[in-house]
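Asker: Top to bottom, those sequences are chains A and B. Just so we're aligned, residue 1 is where the first sequence starts under the working numbering, counting upward by one. Just so we're aligned, residue 1 is where the second sequence starts under the working numbering, counting upward by one.
Everything labelled a hint here was simulated from the structure, so no lab data went into it. Be careful, since some hints might not be right.
Ranges between beta-carbon positions, derived for each pair [said to hold, decoys possible]:
1) A/Ser97 x B/Val236: 41 to 47 Å
2) A/Lys229 x B/Ala413: 47 to 53 Å
3) B/Ser303 x A/Ser160: 29 to 35 Å
Far from chain A, by Cβ distances over 12 Å, these chain B residues were calculated [claimed, not checked]:
4) Ile24
5) Gly270
6) Leu299
7) Arg311
8) Gly371
Heads up, simulated EDC-like pairs for lysine to aspartate or glutamate below, C-alpha to C-alpha not over 16 Å straight-line [to be verified]:
9) B/Lys100 x A/Asp93
10) A/Lys209 x B/Asp553
11) B/Lys220 x A/Asp93
12) B/Lys220 x A/Asp104
Where a beta carbon is used, it is the ideal one built from N, C-alpha and C, also for glycine.
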Amino acid sequence: MALSQGAVRRLLGYLTHYRLSFWLAVTLMALSAVFQSVLPVIMGKATDEIVAGNRAGLEESVLFLLVFVVLMFASGMLGQRIFAKVSQQALFDLRTSLFSRMQDLSLNFFDRQPIGELMSRVTSDIDVIDQFFSNSFQNVMQAVVSIVVVTAFMLWLSLSLTLLVYTVLFALLVFIWIVSHISGPIFTSLQEHLSRLNGYAEEHIEGQKVVLAFMQEGRSVDEFSAISKQAAQAGGRASFTALVTLPASTSTANLQSVLLLVVGGILVIHGRIELGLLVSFLGLSRGITGPLAHVFTSYSMLLNAIAGAGRVFSILDEEPAVADPPGAPAMPPLHGDVVFDHVDFAYVPGRTVLSDNSFHAGPGQVFGLCGPTGAGKSTIINILTRYYDIQKGAISIDGTNIASVQQDTLRIQVAQVLQVPFLFSDTIMENLRYARRDATDEECIAAAEQAGAHGFIMAQPDGYQTFLSDGGAGSLSQGQRQMLTIARAMVANPRLLILDEATSNVDTRTEKLINGGLLKLQEGKTSFIIAHRLATIRHADTILVINKGEIIERGSHDELMGKKGFYHTMFMSQFRGKLSGVAGID
Amino acid sequence: MNLQNYIRLWSYFAGHKIWIGISILLSLVLTIMMLAIPTLSANLINDGITAGDTSVVIQYGEWMLLAAIICGLAFVANTAIAVWAGEYAAHHLRVAGYAKIQTFSHGNIDRFRSSDLLIRLTTDVLTVKNATIQLVLTFPIVPFFLIGTIVLIYHTMPTLLGITFGILIALFLLLIVYLLIVQPKYLIKDERIDAVNHTLREALAGIRVVKAFVNQEYEKQRFRSVAEDLRVSATVPQYMLAYITPANTLILFLGITAIYYTGGMQAIAGTGMNIGDVTAAAQYLIFILIPVYLLSIILPLVSSADASLNRIFEVLDADPEIHPPERPAPFDVAQAKGRVVFDHVSFGYRLPDGTAAKPVLTGINLEIDPGETVGILGSTGSGKTTLVSLIPRFYDVTEGKVTIDGTDVREIALDSLRTVVGVCQQEPVLFSGTVRDTVAYGAPGMSDDAMHAAAQAADAEAFVESIPDQYNSRVARRGENFSGGQRQRLAIARTLARRPKILILDDSTSACDVVTEAGIQDAIGELMQVTTRIIIAQRISSVITADRILIMDGGQIIASGTHAELLRTSPDYQEIYASQLGGIAGAGGVA
Numbered sequence: 001m002a003l004s005q006g007a008v009r010r011l012l013g014y015l016t017h018y019r020l021s022f023w024l025a026v027t028l029m030a031l032s033a034v035f036q037s038v039l040p041v042i043m044g045k046a047t048d049e050i051v052a053g054n055r056a057g058l059e060e061s062v063l064f065l066l067v068f069v070v071l072m073f074a075s076g077m078l079g080q081r082i083f084a085k086v087s088q089q090a091l092f093d094l095r096t097s098l099f100s101r102m103q104d105l106s107l108n109f110f111d112r113q114p115i116g117e118l119m120s121r122v123t124s125d126i127d128v129i130d131q132f133f134s135n136s137f138q139n140v141m142q143a144v145v146s147i148v149v150v151t152a153f154m155l156w157l158s159l160s161l162t163l164l165v166y167t168v169l170f171a172l173l174v175f176i177w178i179v180s181h182i183s184g185p186i187f188t189s190l191q192e193h194l195s196r197l198n199g200y201a202e203e204h205i206e207g208q209k210v211v212l213a214f215m216q217e218g219r220s221v222d223e224f225s226a227i228s229k230q231a232a233q234a235g236g237r238a239s240f241t242a243l244v245t246l247p248a249s250t251s252t253a254n255l256q257s258v259l260l261l262v263v264g265g266i267l268v269i270h271g272r273i274e275l276g277l278l279v280s281f282l283g284l285s286r287g288i289t290g291p292l293a294h295v296f297t298s299y300s301m302l303l304n305a306i307a308g309a310g311r312v313f314s315i316l317d318e319e320p321a322v323a324d325p326p327g328a329p330a331m332p333p334l335h336g337d338v339v340f341d342h343v344d345f346a347y348v349p350g351r352t353v354l355s356d357n358s359f360h361a362g363p364g365q366v367f368g369l370c371g372p373t374g375a376g377k378s379t380i381i382n383i384l385t386r387y388y389d390i391q392k393g394a395i396s397i398d399g400t401n402i403a404s405v406q407q408d409t410l411r412i413q414v415a416q417v418l419q420v421p422f423l424f425s426d427t428i429m430e431n432l433r434y435a436r437r438d439a440t441d442e443e444c445i446a447a448a449e450q451a452g453a454h455g456f457i458m459a460q461p462d463g464y465q466t467f468l469s470d471g472g473a474g475s476l477s478q479g480q481r482q483m484l485t486i487a488r489a490m491v492a493n494p495r496l497l498i499l500d501e502a503t504s505n506v507d508t509r510t511e512k513l514i515n516g517g518l519l520k521l522q523e524g525k526t527s528f529i530i531a532h533r534l535a536t537i538r539h540a541d542t543i544l545v546i547n548k549g550e551i552i553e554r555g556s557h558d559e560l561m562g563k564k565g566f567y568h569t570m571f572m573s574q575f576r577g578k579l580s581g582v583a584g585i586d
Numbered sequence: 001m002n003l004q005n006y007i008r009l010w011s012y013f014a015g016h017k018i019w020i021g022i023s024i025l026l027s028l029v030l031t032i033m034m035l036a037i038p039t040l041s042a043n044l045i046n047d048g049i050t051a052g053d054t055s056v057v058i059q060y061g062e063w064m065l066l067a068a069i070i071c072g073l074a075f076v077a078n079t080a081i082a083v084w085a086g087e088y089a090a091h092h093l094r095v096a097g098y099a100k101i102q103t104f105s106h107g108n109i110d111r112f113r114s115s116d117l118l119i120r121l122t123t124d125v126l127t128v129k130n131a132t133i134q135l136v137l138t139f140p141i142v143p144f145f146l147i148g149t150i151v152l153i154y155h156t157m158p159t160l161l162g163i164t165f166g167i168l169i170a171l172f173l174l175l176i177v178y179l180l181i182v183q184p185k186y187l188i189k190d191e192r193i194d195a196v197n198h199t200l201r202e203a204l205a206g207i208r209v210v211k212a213f214v215n216q217e218y219e220k221q222r223f224r225s226v227a228e229d230l231r232v233s234a235t236v237p238q239y240m241l242a243y244i245t246p247a248n249t250l251i252l253f254l255g256i257t258a259i260y261y262t263g264g265m266q267a268i269a270g271t272g273m274n275i276g277d278v279t280a281a282a283q284y285l286i287f288i289l290i291p292v293y294l295l296s297i298i299l300p301l302v303s304s305a306d307a308s309l310n311r312i313f314e315v316l317d318a319d320p321e322i323h324p325p326e327r328p329a330p331f332d333v334a335q336a337k338g339r340v341v342f343d344h345v346s347f348g349y350r351l352p353d354g355t356a357a358k359p360v361l362t363g364i365n366l367e368i369d370p371g372e373t374v375g376i377l378g379s380t381g382s383g384k385t386t387l388v389s390l391i392p393r394f395y396d397v398t399e400g401k402v403t404i405d406g407t408d409v410r411e412i413a414l415d416s417l418r419t420v421v422g423v424c425q426q427e428p429v430l431f432s433g434t435v436r437d438t439v440a441y442g443a444p445g446m447s448d449d450a451m452h453a454a455a456q457a458a459d460a461e462a463f464v465e466s467i468p469d470q471y472n473s474r475v476a477r478r479g480e481n482f483s484g485g486q487r488q489r490l491a492i493a494r495t496l497a498r499r500p501k502i503l504i505l506d507d508s509t510s511a512c513d514v515v516t517e518a519g520i521q522d523a524i525g526e527l528m529q530v531t532t533r534i535i536i537a538q539r540i541s542s543v544i545t546a547d548r549i550l551i552m553d554g555g556q557i558i559a560s561g562t563h564a565e566l567l568r569t570s571p572d573y574q575e576i577y578a579s580q581l582g583g584i585a586g587a588g589g590v591a
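Model the full assembly from the supplied sequences, consistent with the hints where possible.
Answerer: What follows is the structure in structure tokens.
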């Protein structure tokens, strides 16, 4: 893994944004490291005073020692405090700008990756950046300062002893270098084994009921055990390489002491240096081995943080695929006259989903869309609300091309009820108000009454103030949640309505309840209804039959039945030959 | 904290406990050598350098080198043992947990939830592993180091004992502050992280709703507020650490300063102190920080591993709800006829506390003859799936009994029972592998002919043969590279491949179109010689040709008969029929 300079600079940019605080924190923390590095030198001086038997000198040295210890504490504490504030502020900025960007991106961005994947990427990437900001950055910075300051002092005190210390350090560096080269592939292999293990466990625990039904428990345990064993072996290798740097740096420090004492001791005996200088060196050399190991362990965290930052930046740099033209006007209030004029569309270039679609829906008309799975029904409404831009042709509402106006001003006038009801973890009231932030409580309650949801809402523990944890998944039935989304659409009071399989996930009885609300919602609005249960769209003014991206039949239910074409076949196959036996039909 | 958990973890090392003993021994050697080095260096300074004797310097140097080497080797060896112990514990907990989960019946799985079980096997095991490694690596060192340094300081400079204990107390106070005040703040931070993730997940999962109502700005504002909460709660422990970490160093160096002052004064006064002793004492004092530091790392790890162990052992101690019969009744799978009888059956799901909840099925009496096809309709929650789950004993009845060919299912050996009964569940769960692996899942090593026959009967052969690698094609996790209808057909083929006598299709053709569904139903009878068929469906067209259609409501069978009979007699059936297939047919049907 190579360090991309751009990403490093950009990541640090989030810290240096708070220029004054950042540099103040860095200066203070660096000063603290300097003060700490000076301490062994003063101790060396104290040693000389002791050897010389100079009481006053010793007192002076001890006083110095005290002053520097307190300075080290004060600057370190202040620096860390300021840095904590800056780094958490930077993380806040990073999180919120990432979230804002994702809210602004078009749906095609979310099609490319499952939400779960996006989630885990975002959270784990921000997490490693957090680790880096909160721990590694400070450690590395102080370590580098220590190494520089200590080396400077050592050179000032004695070149030969410095060389001695560095010879041993060099051995450690070589060792670390070798380990880091080995550890790369070892950690990659561990990741592979772990993801295999997690993948297998996830699949077979989710599918445990299948394992059970097919009596494959024994085989499954054997397979898991084999994978687990391999993962344990890979994990052992990885942990060992990661942990072995600790004994290595400890041994290095010990070897340094031995060498310094022997060589330095002989030099002292021969009168070449003072004992105090040797004592200083002993302390100084320890001030360099520790930080060096720190830099090593932090380096891999830096790499992780940069890799994570790279992925975060790639989202931040993403541009919304559907952009408003510069200076686009707002969509005027809709009457609901919708025209599709020779529309071609593909989600992925080259793979056409809709080709040459044309139709006209007058204000207040109900349009039914039907056809086999994957025919392109949902696509039509996706492009009608401009979640995606079309490649050819034009879509206009009331004569205005929807690509020429601000997309939000169009969307706010269109309400959708989708197959899977989605509610937020909030109170029922707030969920209703979600459609229009300035709606009053009375308006929300009125909408719920119209949608037939008032009754069960009042039966909830806190009525409209009941908190729906998990979007009501545990406390409300699918049908009840769907009724809430219908009520929500009513609060929006849209001019155009889209129902995408709104009742296909509920049973017949619930569907009946919901239908009442849906009919109220449709009143006076141009409506598009997608359904695979043909009974749902039977009463539509016009039914469009879509197959393989083309409108192949259109007309009312009776007209289409009369044609004895595709629609007729779809309709009749539901009865499997039983129809003629019970009901008289032509 | 629960010591019991660690004792139990310890029991997993049965047969390997000697290694833990060796590790403790290595820790002791390591500590002695670490402490020997400053002691030797004090002698080197006093007897060698100060006395001006080069040979003594070299002699002590050799001793120190030896100590350093032994220390390094012991440290490396101990690291290896610690890593082994961690992985050993992880592997055994993981496999034991997984094997336990595979004995779970549906009731257990419902209560634990599979996502939660997965976390116990992965995240929790990882926590235990890391704690084990750190425990083995450092826990014995803590008392060794503490005792060793105190003894040595006392030995070198008895007058320093007071200062030493003062420093030790100060350091431990800081440690307690860290553990009791700072650590809990991190838990608050974790909660806030969850809140941020929750908001993020919701805004992403509901992105369509957000955009449909043009609430992007509102969502951004919501996110800012939880992110701000997180920022505040993350800053708090960092602020505290900003005092604690430098304070540790402060205390330590104040101690060293004191040693230089008192020791130095004594040396100057000539009361038997040497300069080498002063430097050695200073070094020992630095050593005192080590056990305190180690404790600050291990203790949080140990307490979170304790919580993880609780969760893992909870799985291991769970009682599988379905027990195999102790003495199975004689039951010949090959001769099974497939007559299924529900005799006054009631059932209620067990609550998390083990008690039975309100009944989901009450007083079910039902006889299904060999060769009969029974369709079951009913609204969500009416008990359809529950009813059929009692046949292969995914759950056991609360009252009454279910019999196959006259034998109570609870008396049939589980593998015989589940060979006779083939269930195709609502949500087609496919495992990754090849198409061949998928179809042959229940009968590994089955013949190609049998496999083709099953695929044909499930109407899967045509689309399988249209993909390049045919039966060797990859099936991705959850079968995501196949459409919903294709997944369902592969799942049906998998069930059919075992040639069950009694076949249960639980809404398992819902994603197939009506024509495909009809084809599958016809082929099952002709190709697979399944005798008894039970078909649960939402669509009336799925059961319209069944010999008998049951309508369930509120855990009871409220109507039963053929399509024609029900259309005449059952208002419930008429209602379903009218709403699903109504319109032109509605008027004629109800008449």
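Asker: All hints are to be evaluated individually against the structure, with a verdict given for each.
Answerer: Tested hints:
no. : hint                            : in the structure
1   : A/Ser97 x B/Val236: 41 to 47 Å  : 23 Å, violated
2   : A/Lys229 x B/Ala413: 47 to 53 Å : 31 Å, violated
3   : B/Ser303 x A/Ser160: 29 to 35 Å : 50 Å, violated
4   : Ile24                           : 17 Å, holds
5   : Gly270                          : 9 Å, violated
6   : Leu299                          : 19 Å, holds
7   : Arg311                          : 14 Å, holds
8   : Gly371                          : 20 Å, holds
9   : B/Lys100 x A/Asp93              : 45 Å, violated
10  : A/Lys209 x B/Asp553             : 25 Å, violated
11  : B/Lys220 x A/Asp93              : 12 Å, holds
12  : B/Lys220 x A/Asp104             : 10 Å, holds
Hints 1, 2, 3, 5, 9, 10, counting from the list given before, are not met by this structure.
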